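Novice: So that you can map any letter, position 122 of the sequence shown is 1063 in this note's numbering, and since no number is skipped, the others follow by simple counting.
Calculated from the structure, these hints are not laboratory results.
A portion of the hints provided could be inaccurate.
Pairs of lysine-lysine residues, derived as DSS-like cross-links and limited to a Cα-Cα distance of at most 27 Å, are as follows [as the list claims (entries may be wrong)]:
no., residue 1, residue 2
1, K1143, K948
2, K1089, K1263
3, K1089, K1102
4, K1015, K1089
5, K1047, K948
6, K1102, K948
Because the structure is a prediction, the values reported are computed rather than measured.
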Amino acid sequence: MDIITEKDLSAEQNYNADESGLYWRTIPDKTLASDLEVRASGSKVFKERITFMPCANAAGTHKLPLLVIGKAQKPRAFTSVRKLPVHYMGQKNAWVTRPIFLEWFKGYFIPEVKKNYLRRIYLQTIDENFTILYMLPNCTALIQPMDKNVIQNIKVNYKKKLFLELESERTVSNIFKKTNIKEAVFSLAEIWNQLNANLINKSWLPLWPQLNVEKHTDDNFEPEDEVPLAFFVNRGFSEAAINDFLLGNDDLNETEPLTDAEILRQVTQECDGESEEISHVEPVASVSNSSAVSAFNTCLEWADQVDIPLPEKMLLRKLRDKAFYLSLNTCR
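Produce the entire structure from the sequences given, and follow the hints as far as they go.
Specialist: Pasting the structure below:
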């Protein structure tokens, strides 16, 4: 990386972004094959695809909110959401096109990086001159920091979380009714926020062997411990099915030919003016402030019984109190 030496850049000043596809409403083949209800209803299980793009500096000290590209400009599932935890944009094929990337880079990346460095000693090094290096796609496994460890970590943990939710439902169709694009982006954001900074550092080593940053000890999230692979094996899934589900290729090459079924589906979607990702949204019932207070009290009782860490209990109390004060002001 001659440019790093030439410009005397630190790990905090080097950012990497990489995109990846994700079939956000998918399940292992064994479950799908046994659920005739889903097949009979014609639910679109296989091709519910979005693209997400993580971006962070090499030190792991600054992670930008994920860029998520869906097929709908304004999904119905976002109707009641005032603020998303990701930067969402719509494109008919859910691709990061040149216009989308430029809009994200100029309107989001540069302002976020400048804002981050206002709080750091590197303020004097930031100006209008941002340098972009394009990594060839056929080299990403070797030199693209986000490609191997970070993106794979996000996708594996997203699919594990989806499968856990599936386990709590009696039928596959139930989970698909509840899992909409809003739930998908919130889950992705949660996983990205919890991702260990040390993993980001490690991902840079093939490209930057001399990278030397302080190890982060405040981030104790270990995703592999959350849902071990044995969880799937014990439920009768073969190793091949597990690997295909967790590590299968979700990326769709823009140049590869579409099947007849995919062409027909795409044309149908364009005629309807709707994306497949918003076709499963059910009306959301309004929750009163008093109902929220009651729900948080139940959560606090549960937290005491299972010994939830104190900071998380305090957060529940804070939310409970917020709902209580809102109920006083609105009489709901």
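Novice: Name the hints, by number, that the structure is in violation of.
Specialist: 2, 4, 6
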